[in-house]
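Number of protein chains: 4
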Amino acid sequence: MRRKRETTSRFSSDTRPSCEEYLALADRNEMAITHLFEIHRNEDYLTGSRELANLCGAGIWHGKNFNFAYGNPVKEGEIFLIGTLELGVIETPGHTEESILIVLKDREVSDKPYMVFCGDALLAGDIGRTDFYGQERKAEMAGKIHDSIVKKILALGEGVIVCPAHGAGSLCGGDIADHSFTTAGYERATNPLLALAREEFIARRVTESPYYPPYFRTMEVLNANGPQLLDRIPRPGPLSIPEVVALRKSGCQIVDIRSPTSFAAGHIPHSLSIWRDGLPSFMGWFLDYNEPIVVVDDFNCGLKDVFCHFTRLGYDNLRGYLGGGFPSWSKAAQETDSFATCTAQELKERQEKETVFVLDVRDIKNRRSVGHIPRSHHRYIGELTEHLDEIPRDLPVITYCDGGYKGSLAAGILHANRYRSVTNMLGGMTSWKNTGFWIER
Amino acid sequence: MRRKRETTSRFSSDTRPSCEEYLALADRNEMAITHLFEIHRNEDYLTGSRELANLCGAGIWHGKNFNFAYGNPVKEGEIFLIGTLELGVIETPGHTEESILIVLKDREVSDKPYMVFCGDALLAGDIGRTDFYGQERKAEMAGKIHDSIVKKILALGEGVIVCPAHGAGSLCGGDIADHSFTTAGYERATNPLLALAREEFIARRVTESPYYPPYFRTMEVLNANGPQLLDRIPRPGPLSIPEVVALRKSGCQIVDIRSPTSFAAGHIPHSLSIWRDGLPSFMGWFLDYNEPIVVVDDFNCGLKDVFCHFTRLGYDNLRGYLGGGFPSWSKAAQETDSFATCTAQELKERQEKETVFVLDVRDIKNRRSVGHIPRSHHRYIGELTEHLDEIPRDLPVITYCDGGYKGSLAAGILHANRYRSVTNMLGGMTSWKNTGFWIER
Amino acid sequence: MRRKRETTSRFSSDTRPSCEEYLALADRNEMAITHLFEIHRNEDYLTGSRELANLCGAGIWHGKNFNFAYGNPVKEGEIFLIGTLELGVIETPGHTEESILIVLKDREVSDKPYMVFCGDALLAGDIGRTDFYGQERKAEMAGKIHDSIVKKILALGEGVIVCPAHGAGSLCGGDIADHSFTTAGYERATNPLLALAREEFIARRVTESPYYPPYFRTMEVLNANGPQLLDRIPRPGPLSIPEVVALRKSGCQIVDIRSPTSFAAGHIPHSLSIWRDGLPSFMGWFLDYNEPIVVVDDFNCGLKDVFCHFTRLGYDNLRGYLGGGFPSWSKAAQETDSFATCTAQELKERQEKETVFVLDVRDIKNRRSVGHIPRSHHRYIGELTEHLDEIPRDLPVITYCDGGYKGSLAAGILHANRYRSVTNMLGGMTSWKNTGFWIER
Amino acid sequence: MRRKRETTSRFSSDTRPSCEEYLALADRNEMAITHLFEIHRNEDYLTGSRELANLCGAGIWHGKNFNFAYGNPVKEGEIFLIGTLELGVIETPGHTEESILIVLKDREVSDKPYMVFCGDALLAGDIGRTDFYGQERKAEMAGKIHDSIVKKILALGEGVIVCPAHGAGSLCGGDIADHSFTTAGYERATNPLLALAREEFIARRVTESPYYPPYFRTMEVLNANGPQLLDRIPRPGPLSIPEVVALRKSGCQIVDIRSPTSFAAGHIPHSLSIWRDGLPSFMGWFLDYNEPIVVVDDFNCGLKDVFCHFTRLGYDNLRGYLGGGFPSWSKAAQETDSFATCTAQELKERQEKETVFVLDVRDIKNRRSVGHIPRSHHRYIGELTEHLDEIPRDLPVITYCDGGYKGSLAAGILHANRYRSVTNMLGGMTSWKNTGFWIER
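Protein chains in written order, with the numbering used here: chain A, 26 to 466; chain B, 26 to 466; chain C, 26 to 466; chain D, 26 to 466.
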C-alpha cells in the first residue's frame with residue numbers, strides 16, 4: 026500500500042508543470058478545468074498551476090496567509106459550487122502558515138463530507154514537515170499542524186476519504202494510480218504519529234532536523250512569484266562528441282544517469298552519478314542553475330521522463346544529452362575515468378585485511394533505524410561536498426548507502442576530488458543485511 | 026460524484042475482455058498480475074478473467090457456491106498474502122449465491138482493513154440487484170444481500186474504503202478514474218437503501234422488476250464456462266458498398282451508431298439506431314448472435330471503442346463497418362429511408378391540432394420518478410418489438426425518451442415495421458421539462 | 026496512388042504548425058533537427074517553421090527573392106553538408122518568385138542526386154499554381170515554372186526521387202504515409218502537363234483562374250512576418266448551453282462539423298455546415314479572424330484533429346465546443362433550425378413536377394469535367410455569400426455538389442438568409458451519376 | 026541515406042510478427058488489408074504474414090517454386106487489381122529459388138510501372154545473399170540473381186521506385202521511415218555490384234562465405250510451415266530474486282542487455298552480454314529454443330521493444346525479466362561476476378609491457394576492410410564458443426570488436442569458461458582508430 030521506493034524522492038507531485046495529463050483527462054471526460062487550488066506554497070518543485078491556468082483559462086486560489094504574486098486568496102469557510110459538488114476551504118496552518126485543505130461534498134447525495142484534499146498536513150501514515158520556519162518556531166508549527174489534523178480533518182468523520190498531496194511515488198511519470206489515498210478512520214487507527222499526544226508529538230518534532238536541500242529556497246521564491254511559463258517541456262536534443270567536448274571546456278555539468286555498475290567501469294571525468302530515479306531527490310543538491318547541463322546515458326532510453334525532472338525543478342539550463350550514449354564517448358577515444366566496486370563480502374574482507382575508511386552516505390534516519398556497517402563513518406550524501414575535510418585522503422575509501430546508488434554518487438565525487446583509492450559497495454546496506462553480517466547500532 | 030449518464034448502461038466493467046490496460050498498468054509499475062478474483066458470475070458482459078489469465082499466467086478464483094468450469098473455488102476466511110498485503114475472502118450471497126468480497130489489509134501498517142472490493146453487493150448509493158433467481162426467491166435474496174452488507178461490509182468499520190464493481194460510467198473506454206469508490210461510513214450515512222430496515226428493504230425489493238435483457242442468459246452461460254479466448258479485440262475492416270449490399274441480401278443486421286438527427290434524415294432501410302454510447306445497454310436487446318452485423322457511422326471516428334462494446338457482449342459476428350460512412354451510401358445512390366423529427370414545442374402543437382399517439386419508451390422507473398408528457402403511452406424500448414400490437418397503425422406516432430436517443434431507436438423500429446407516420450422528438454423528456462410544459466405524473 | 030479525396034483540400038502540409046511529430050520523429054532516431062528550409066512563402070496555411078525553430082533551435086533558410094522578416098536567404102548553388110549528406114539549393118521561380126528546391130546527395134554513396142524536395146513546382150501528376158501575381162504576370166510565371174521543371178528538375182536524371190510539398194491528403198492528421206513521392210522519370214512519362222510544349226502550357230495557364238480564398242492574403246502576410254509563436258495547439262474546452270447562448274447573443278460564429286444528414290435534421294440557427302474533413306478547405310472562405318468561434322459536433326469525437334485545422338489557418342479565436350454535442354442543445358429546448366434533404370431520384374421527380382432552382386456549388390472545373398444535372402445553375406460555394414442576388418427567392422432551391430457536403434453548407438447559408446424552401450441533395454453529383462440519369466455538359 | 030548501424034543486424038523486417046502497426050495504418054486510412062505477398066521464404070526471422078492474415082482475413086501469396094504449407098502460389102505474369110492499382114508478379118530467382126517481386130502500376134495515371142517491391146534481390150547499394158543452397162550452387166544462384174536484377178528490375182526503366190525488403194535499420198521498433206527506398210536509375214549509377222560484369226559478379230560471389238547463424242535453419246523450417254500463431258507479443262513479467270535463483274538452479278539462459286561498462290562491473294555468473302540493440306543479430310547465435318530465458322537490465326526501460334526481438338526470432342521460452350534490474354541482484358547479496366575493461370591507450374600500454382592475447386571478434390569482412398590492431402588474433406563472435414581451443418588459457422586475453430559491444434559478449438563467454446584474466450576494450454576498433462594508433466592490414 027504505502028510502497029517505499031528507496032531510490033526515489035519523498036517529495037512528490039501536487040500540480041505538475043507538465044500539464045498535458047490534466048488536460049487530456051479533462052478532454053476524455055468532456056470537462057473543463059476551471060478551478061486550481063494550491064494547498065500550500067511548495068518548496069520541493071516548481072508548481073504547474075500557473076502553466077495550467079494559462080493553458081485552460083482556469084483561476085488559481087491559495088491560502089490567504091502568504092503573499093503570492095499571482096492568483097486569489099481564500100479563507101476559512103469559503104465555498105465553491107461546481108454543479109452539485111461543493112468545495113469548502115478550511116485553513117490548516119502547520120506545514121506552512123497558509124496551508125489550506127478542500128472538503129468535497131456531493132450535495133446531490135448528502136451534505137456529509139465525502140472527501141478531503143489535505144495537502145501536506147495529514148499524509149498516509151505520516152504528518153507533513155513542520156521545520157520550514159526555523160528552530161525557534163518548530164514547537165509552534167508542530168502544535169499548529171497537530172491541531173489542524175485533529176480538530177479539522179479527523180473531525181470530518183471516520184468515513185471521509187483523505188487525499189494527501191504526497192504519495193510514495195514517481196514525480197513526473199504520470200501514474201495517477203500511484204497516488205495514495207486513505208480515510209480519516211484508517212489514519213486515526215494506524216498512523217503512528219496520531220498515536221502520540223499533542224505534547225509528545227511537539228516534543229519529537231522539536232528534536233528532528235530533516236535535510237533541507239539548497240534548491241528549496243529557489244523553489245520557494247519562484248513559486249511565490251508564480252513560476253515562469255514554459256512553452257512546453259523543453260526538448261534537449263542529442264549532442265555530438267565535439268559539442269560535449271566544447272561544453273566541457275567552457276564549463277558544464279555532466280549528469281550521468283546510468284547505473285552504479287556502468288558508472289564505475291567508465292565515465293566522463295567530473296560527471297555526477299545521479300541515476301535516473303534519483304534525479305528528483307538529488308539533482309537539487311548538486312546542480313547549479315546557470316552552468317549548462319549535459320545528460321549521459323547508456324542507451325538514451327526513456328529520456329523524456331528524465332528531462333521532465335529537470336523541468337519540474339526549474340532547471341532551464343539542460344543543454345542536451347550525449348548522442349549515442351556513453352559508448353560513443355569510448356568509441357571517440359575520449360578521456361575516461363573509472364573506480365572500483367565491491368560486494369558486501371569483499372568489503373568485509375578488506376576491513377579484516379587492511380585499514381579502510383568506510384563511508385556511509387545515507388540519511389541519518391536510515392542509519393539510525395536500520396543500523397550501520399561496523400566501524401563506518403557517516404556523512405549524508407547531500408552534505409558531502411561541503412565536508413570533504415572529514416574524509417581522509419591517505420586511506421582507501423569505500424562508500425555505501427541504502428542500495429548502492431548514492432554510494433556511486435559519493436564515490437564519483439571523491440574520485441573527482443582526487444581521492445586516490447575509491448570503491449563503491451554495490452547493493453549498499455540492503456546487501457550487507459542480506460549477507461547476514463553483523464549490524465552495528 | 027455519482028455521475029449519472031442517461032445514455033449509458035448502468036452495467037459496467039468488472040474485468041474487461043480487453044486486457045491490454047491491465048497489463049500496461051502492471052508493466053508501468055514493474056509488477057506481475059498473479060491473482061484474479063471474480064467477485065461473482067456476471068450476466069451483463071463477457072468477463073475477461075480467462076483471457077487475462079491466459080496472457081499473464083495468473084490464477085483465477087471465485088466463490089465456491091457456483092459450479093464454474095474454470096478457475097478455483099474460495100470460501101469464507103481464505104487468505105492470500107502478496108508481500109505485506111493480505112487479501113481475505115468473505116462470502117456475501119445476495120446478488121448471486123456465490124458472490125464474495127475481498128478485504129485488503131496492509132500488514133506492514135496495521136491489521137485493520139484498509140479497503141474492500143465488494144462486487145455488486147454495496148454500490149455507491151445503491152445496492153446490487155437481487156432478482157436473478159426469479160420472483161419466488163426475491164425475498165430470500167434481498168434478505169441475504171442486506172445481511173451481507175450490514176453484517177460483513179459495514180462491520181469492517183466506518184473508515185474502510187469501499188470499491189464497488191460498478192461505477193457510473195463507460196464500459197470499455199478504459200477510464201479508471203470513472204470508477205467510483207466510497208467508504209463504509211459514507212454509505213451508512215447517505216445510502217438511501219441502507220436507511221431502510223431489513224424488512225422494509227425486502228418488501229421494496231419484492232415489488233421491483235428490473236428489466237432483464239435477453240442477452241443476460243447468454244452471458245451467464247458463457248461466463249460459467251469461461252468465455253472463449255479472443256486472439257485480441259477483433260478488427261472489423263471497412264466494407265465497400267457492394268459488400269454491404271450483398272450482406273443485406275443474404276441477411277445481416279445494420280447497427281447505425283449515428284445521432285438521432287443524422288439517422289432521421291437518412292439511413293439504410295431496416296437499420297437499428299443504436300447510437301455509440303447506447304451500444305452497451307441496448308445492443309443486447311436487439312442483436313442476434315449469429316447473423317452478421319454491419320456498423321454505420323458518419324465519419325468512422327473512434328470506431329475502436331465501438332467495436333470493443335461488441336466484444337464485451339460476446340458478439341463475434343461483427344463483420345465490419347461501412348467504408349466512407351453513411352455519405353458513401355448516398356453517393357452510391359442506394360435505397361435510403363428517413364422519418365421526421367420534432368421539437369417539444371412542435372409535439373405540443375401537434376397534440377393540440379390533431380390526434381397523435383405519443384409513445385414513451387423510457388425505463389418505467391424514469392417515467393415514474395420524472396413524470397411524463399400528458400396523454401403519452403408507455404412501452405420500454407427493450408420490449409417494443411414484442412409489443413407492436415399496442416401501437417396503433419392508423420395514427421401518427423411520436424416517440425420520445427429521456428434525451429432523444431432511445432426515441433430514435435423506437436422510431437426506426439416502427440418505421441421499419443411500416444408504420445406510416447413516425448416522428449422522433451429530439452431532446453426527449455429533458456427538452457420537454459426545459460420548455461416548462463406541464464408534466465403528468 | 027494519387028488518391029483524390031473529393032472532400033478535402035488540395036492544399037496540404039509543408040511544415041506543420043503542430044511540430045510535435047517532427048520532434049518525436051527526431052527523438053526516435055536520436056537526431057537533432059538543425060536546418061529548416063522553406064521551399065517558398067505559403068499562402069494556404071500558417072507555416073510552422075518559426076515555431077519548430079523555436080522548439081529545437083534549428084535555423085531557417087528560404088529563397089532570397091522575397092523579403093522575409095525572419096530566417097536566412099539562400100541562393101542557387103549553396104551547399105549544406107550534414108554528415109555525408111549534401112543538400113544543394115536550386116532556385117526555381119514560378120509558383121512564387123523566391124521558390125527553391127533542395128537536391129539531396131549521399132556523398133558516401135555517390136555524387137549523383139538521390140532525391141529532390143521540389144516544393145510546389147513539380148507535383149505528382151500536376152504543376153504548381155502560377156496565378157499569384159495577377160493576370161498580367163500569368164504568362165511570365167507559367168514560363169518560369171516550366172523552365173524550372175524542365176531545365177532544373179528533369180535535368181537531374183530519370184532516377185531521382187521527387188518529393189513534392191503537396192500530397193493528396195489530410196492536412197494535419199500527421200499521416201506521413203499519405204505524402205506522395207514520385208520520380209523524374211515517372212513524371213516525364215506520365216504527367217499530362219509535361220506532355221504540353223512550353224507555349225501550349227503557358228497558353229493554358231493564361232486562361233485559367235483557380236479560386237482564391239480570402240484568407241490566402243492573411244496567410245501571406247503572417248507567413249512573411251513569421252507567424253506568431255503558439256504556446257501549443259490551443260485546447261478549447263467544452264462550453265455549456267448558457268455559455269453558447271451568451272456567445273450567440275454577443276456575436277459568434279458557429280461551425281457545425283456534423284454530416285449533411287445530421288445538420289439538415291437540426292442545427293443551431295445561423296451555424297455554418299463545414300463538416301470535419303472540409304474544414305481546411307472551406308473555413309478560410311467563411312470564418313472571420315476576430316469574432317469568437319464555437320464548434321458543434323454530434324459526439325465530440327476526435328476533436329483534437331479538428332482544432333488543429335483552426336490553428337493551421339491561424340484562427341486563434343476558437344472559443345470551444347458545445348459540451349454534450351448537438352443533442353444537448355435539443356435537450357436544453359433551445360431554438361433549432363432544419364431544412365429538407367432529398368435523393369437524386371427525388372430531385373429528378375421534383376424537377377418533373379414543379380419549378381425548382383437547382384444550384385450546383387462545385388468547383389467550376391469539376392462541373393466542366395464531370396458534367397452537371399440538367400437545368401442546374403452554378404455558383405461556387407466559396408463565392409455564394411457574395412452572390413445571393415443570383416439565387417431567386419420565389420422558387421424552391423435544391424443545392425448539390427460533388428458528394429453532398431458543400432451542398433449542405435450552401436443550403437445552410439440560404440436557409441440562414443431566409444430562403445423559404447431549401448433542400449440539399451444527399452450524395453451530390455456522384456449519386457446522380459450512380460443512378461444513371463442523364464448528365465448535361 | 027544508407028545508415029549503417031554497426032550494432033544492429035543487417036537482417037531487417039519484411040513482414041513483422043507484431044502486426045498491430047499494419048492494422049493501425051490501415052485503420053487510419055480506412056482501408057482493409059486484403060493481400061499479403063511473401064517475396065521469398067525468410068531465414069532470418071519469423072514471418073508475420075500468417076498472423077496478420079489471421080487478424081484481418083487477408084490472403085497470402087508466394088512464389089510457386091517452394092512448397093509452402095500455407096498460402097497460395099503465384100507465377101510470372103499474374104496480375105492483382107485493387108481499385109485502379111495493378112500489382113504484377115515477376116519471378117526473380119537468386120536469393121532463393123522462389124523469390125518474386127511485385128510491380129505496381131497506377132492505371133488511373135498510366136500503364137508505366139511506378140514502383141517495384143523487390144525483396145532481397147536488388148538492395149540499396151547491395152545485392153541479396155546467394156549462398157543459401159551451398160557451395161556447389163553458389164555460381165548458379167549468383168548468375169540467377171544477376172539476371173533477375175538486370176533483365177527484370179532494371180528493365181522496368183530508370184524512373185521506377187525500388188523498395189527492397191531490407192533497410193539499414195531497426196527490426197521491430199516500427200519506424201517505417203527507416204526503410205530505405207531507391208530507384209532503378211540510382212542503383213544502376215551507384216550500386217558497386219552492378220558495376221561488375223555478370224561473370225565478375227559470379228566469381229566474387231563464389232569466394233564469399235557470409236556467416237550463417239544456427240537459428241537460420243530453425244526459421245526456414247518454421248516459415249515454410251507457417252509460423253505458429255501468436256496470441257500477441259508475449260508479455261513476460263518481472264521475476265523476483267527467488268524466482269531467478271530457482272530458474273538458474275534448474276537451468277536457464279540469462280541474457281544481459283546492459284552496456285559493456287555495466288556488464289563488466291557486475292553481472293550474474295554465466296549470463297550472456299547481448300546489449301539491447303544487438304539482440305536481433307546475436308541472440309540467434311547463442312540462445313537455445315527450449316531452456317527458459319531471463320532478461321537482465323539496469324532500469325528495465327523500454328523492455329517492450331526488447332521482448333519483441335525474441336518473438337520475431339521465434340523464442341517462446343522467454344520467461345521474464347529480473348524485477349528491479351541488476352541492482353536488485355546486488356541488494357540481494359547474490360553471487361556476482363565481473364571482469365576488467367580498458368581503453369585503447371591502456372591496451373597499447375599492456376601490449377608494450379607484457380604478453381597479452383588480443384582477440385578480434387568482428388566480422389572478418391570488417392577486419393579486412395578496416396584493418397586490425399597489430400598482433401591481434403581473429404575469431405568471429407558467433408563462432409567463438411565452438412573454437413575456445415584457439416584461445417590460450419595461460420595468457421591474459423583482451424577482447425575487442427567494432428565498438429565494444431561484441432567484445433563484451435566475448436569477454437563474458439571467456440570469463441564464464443574460466444579464463445583467468447579477461448579484459449574488454451571499450452570503444453573497440455573505432456576507439457583505436459580515433460587514437461591515431463597504427464592499424465595493421
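In case anyone wonders, no lab produced these hints; they're calculated from the structure.
Don't take every hint at face value.
One copy or two, it doesn't matter: identical chains are merged, so the pair holds either way.
[To be verified] Taking lysine-lysine pairs in the DSBU-like style, the calculated list, with each CA pair at most 30 Å apart, reads:
1) Lys130 <-> Lys177
2) Lys176 <-> Lys137
3) Lys130 <-> Lys458
4) Lys89 <-> Lys137
5) Lys163 <-> Lys177
6) Lys390 <-> Lys137
7) Lys378 <-> Lys89
8) Lys458 <-> Lys274
9) Lys329 <-> Lys89
10) Lys176 <-> Lys130
11) Lys274 <-> Lys137
12) Lys378 <-> Lys176
Computed from a predicted structure; not experimentally measured.
Against the structure, the hints:
Taking the closest pair of Cα atoms, lysine 130 and lysine 177 come within 30 Å of each other both inside a single copy (15 Å) and across two copies (26 Å). Proximity of lysine 176 and lysine 137 under a CA criterion of 30 Å is satisfied in both settings, with 17 Å inside one chain copy and 23 Å between copies. Proximity of lysine 130 to lysine 458 under the C-alpha cut-off of 30 Å is restricted to the inter-copy arrangement: shortest distance 27 Å between copies versus 48 Å within a copy. For the homomeric pair lysine 89 and lysine 137, the shortest alpha-carbon distance inside one copy (26 Å) is at most 30 Å, but the shortest distance between copies (38 Å) is not.
Taking the closest pair of Cα atoms, lysine 163 and lysine 177 come within 30 Å of each other only inside a single copy of the chain (21 Å); across copies the shortest separation is 45 Å, beyond that limit. Within a single copy, lysine 390 and lysine 137 get their C-alpha atoms only as close as 40 Å, which misses the 30 Å cut-off; across copies the closest is 27 Å, which meets it. In this assembly of identical chains, lysine 378 and lysine 89 lie within 30 Å of each other by CA distance neither inside one copy nor across copies; the values are 63 Å within and 63 Å between. Taking the shortest Cα distances, lysine 458 and lysine 274 sit within 30 Å of each other only across copies (23 Å), while inside one copy they are farther apart (43 Å).
Proximity of lysine 329 to lysine 89 under the C-alpha cut-off of 30 Å is found in neither arrangement, the shortest distances being 36 Å within a copy and 38 Å between copies. In this assembly of identical chains, the alpha carbons of lysine 176 and lysine 130 lie at most 30 Å apart whether taken from the same copy (19 Å) or from different copies (27 Å). For the identical chains of this complex, lysine 274 and lysine 137 are neighbours neither inside a copy (64 Å) nor across copies (40 Å), given an alpha-carbon limit of 30 Å. In the homo-oligomer, the alpha carbons of lysine 378 and lysine 176 never lie at most 30 Å apart, since the shortest distance is 60 Å inside one protomer and 66 Å across protomers.
Hint compliance for this structure: hints 7, 9, 11, 12 are not met, and every other hint is.
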